[in-house]
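S.K.: The task is simple: from the sequences and hints, build the whole structure.
First to last, the sequence lines map onto chains A and B.
For the first sequence, my numbering begins at 1 and goes up steadily by one.
For the second sequence, my numbering begins at 255 and goes up steadily by one.
Derived from the structure by calculation, the hints contain no laboratory data.
Treat the hints with care, since some could be wrong.
Claimed, not checked - Taking lysine to aspartate or glutamate and the DMTMM-like style, the derived pairs with C-alpha atoms no more than 20 angstroms apart in a straight line are:
no., chain 1, residue 1, chain 2, residue 2
1, A, K44, A, D54
2, B, K515, B, E465
3, A, K88, B, E309
4, A, K155, B, D472
5, B, K268, B, E309
6, B, K261, B, E469
7, A, K155, B, E415
8, B, K261, B, E431
9, B, K268, B, E465
10, B, K263, B, E465
11, A, K88, B, D449
12, B, K482, B, D472
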Amino acid sequence: MSKVRSQLSLIVVLMSLGIFFLLPMGAAFEYSIRNGLEGGYSFKNYLWAIREEDFVYYALRSFWLSSLTVVITLMVLVPLLTWIHVTKPRVQGWIDGLSLLPLVIPVVAFAVGAQLALPDVVKNTVLELPFLYFILSLPYAYRALDIGLRAIPLKTLVEAARSSGANWRRTITTVIVPITRTAVLATVALTFALSLGEYTLTVLLHWDTFPTWVTFVAQENLLGAIAISMMTLIIPFLLLAAISLLTPSSKNER
Amino acid sequence: MSQNYLKVKGLSKKFGNVVALNNFSLEVARGELVTLLGPSGCGKTTALRLVAGLERQDSGTIFLESRDLTLIPAHHRNMGMVFQAYSLFPNLTVAENVAFGLQMRKVDRSARIKKAHELLDLVGLDSQSARFPHQLSGGQQQRVALARALAFEPEILLLDEPLSALDAQVRSNLREEIRRLQLSLGTTTLFVTHDQEEAMSISDRVGVMNEGRLEQIDTPDDLYNHPKNVFIANFVGLMNQVSGTKTGKSVSVFGANLKVKNEVVTDGRVLVYIRPEFVELECTESDADAKVISRLFLGSVSQVICQLNDGTIVHSLLSSRMSAEFAPGIRVKIRVNEDEVLVSNG
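M.R.: See below:
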């Protein structure tokens, strides 16, 4: 009886979550295929979006900026967190707190302050965006990775690798990243999705990326802008699907 | 045996205000198995980790023959290590785990797979080479860890309590296996444990540590029979502590006058340290020193536990045949069959 009840509770929770996430998306999709004042449904908004001359340019621009953000995040966070967990466990609390700062610092203050701290090579070029996106996504990326590193006997594994002859770089690439691949992929997905959709900071710094372009074209064709947004949802979905496929289930866990 | 292969001199290490290692020195000969034994927190694991390069010493030097390892990072020291916790890489198969050290040394794939199978064969696990660590028992995992640590032919094998997470039977088998492998491969080994039986049974020499210092390093026989101080006498093996009276260089206990080994103790009431095998019992009704309270049958020998009139417990180790007459309640006279004893102020 209790088993049936718990299964029912699970179904109710899953259905509620499904409605919570799918209903807005379904509504957005329905909106995106409307024919406007003519009435009826078609994919003409999608065709309009694809035919827009700047669509590919801004989509690719945001894609490589987000990819660069992911690379910076992984190159900074994975070695740093591994090193802190292994050698300076006492400072974890401080790092934990520091990682939350991007959530509490107003974006205007952050944009000006962080920009000043950037190296001259990237300052005032579009390459400053990945560094700033990295900081903005830090609270989420840090936690996703931290959970993964806490779930394994990190210190012992690192020491086993080092005493077997692996330097820090090889320890991280051949041992830590493969073992924590679920956490690493979650970090990748979160960072990529957050960077891809970042708007406020980009506008404040007077750069144009895909989200700012969508806002611009929305003034001309609102339904077309929604169609574009629907298309951009596919990328995070593909990432999440990749994580699900690459995450070992309890049955086939290696 | 020339003891100048591994030379550790004056190592000190503090963690905050806690002194983990205090002027620790040690020399190990090539092919020797030396165990560091001591209570929790005595610094034995810190000493091992400093030798491995996993911690940086505050002062002191580490030499391997003429090579100064003091500032060399762990991955360049060529020392294999087996840890207390299971440390196999969960994403690699058993064979890949064993071959890991060779892969880091850029040995070609076919050679490292061949070597991994050789090592797995040595530890009796070649049939498990395609499995993943979580499919093995704890004992098997530690065997694989041992194979991994030996695969790249380390100059020193470091064992940090590798048996402590295993059950008694597996522990006993694996420690014999470690000794067999160490002797057959001739690998110089530094072993850390808090288990006396483990230390005494497989080591060429045992170093007893206390409060960050090496108190004594000797063969298991010498350590047991000739402890240099009261701490070692108490820590290694079972030791009786009975009250006696010291006068000059002798001490009176159970009516006998015995020579005092350590002379820094003042005259008067002292504690006398006597091994159970040197305590002899004689049944008597008059003039008894103690009463038998129990007898533990241990096979060929038995331990007879007596209580002195002042309440002190004394253990006597006798052959089981001889101990049969000492049933609980029997009153006994005690004789000490030893010429020289350690004493301390009581």
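S.K.: So, for every hint listed, does it hold in this structure?
M.R.: Outcome of the hint check:
1. With a C-alpha separation of about 17 angstroms, the suggested pairing of K44 of chain A with D54 of chain A holds against the 20 angstroms cut-off.
2. Taken as a hint, the K515 of chain B and E465 of chain B pair is broken in the structure, with Cα atoms around 24 angstroms apart against an allowance of 20 angstroms.
3. Only pairs whose Cα atoms come within 20 angstroms are accepted, and K88 of chain A paired with E309 of chain B is accepted, the gap being roughly 12 angstroms.
4. Distance hint between K155 of chain A and D472 of chain B is unfulfilled; the C-alpha atoms sit about 33 angstroms from each other, more than 20 angstroms.
5. At roughly 11 angstroms between alpha-carbon atoms, K268 of chain B and E309 of chain B fall within 20 angstroms of each other, so this suggested pair holds.
6. Distance restraint check for K261 of chain B and E469 of chain B: the Cα-Cα separation of roughly 17 angstroms lies within the 20 angstroms cut-off, and the hinted pair is therefore satisfied.
7. Between the alpha carbons of K155 of chain A and E415 of chain B the distance comes to roughly 16 angstroms, so the proposed pair stays at or under 20 angstroms and holds.
8. Distance hint between K261 of chain B and E431 of chain B is unfulfilled; the C-alpha atoms sit about 27 angstroms from each other, more than 20 angstroms.
9. Distance restraint check for K268 of chain B and E465 of chain B: the Cα-Cα separation of roughly 12 angstroms lies within the 20 angstroms cut-off, and the hinted pair is therefore satisfied.
10. Our distance criterion of 20 angstroms between C-alpha atoms is met by K263 of chain B and E465 of chain B, whose separation comes to about 17 angstroms.
11. Proposed proximity of K88 of chain A and D449 of chain B is contradicted: the alpha carbons are some 30 angstroms apart, above 20 angstroms.
12. A threshold of 20 angstroms between alpha carbons decides the hint, and for K482 of chain B with D472 of chain B the separation of about 10 angstroms falls inside it, so the pair holds.
Checked against the numbered hints listed earlier, the structure breaks hints 2, 4, 8, 11; every other hint is satisfied.
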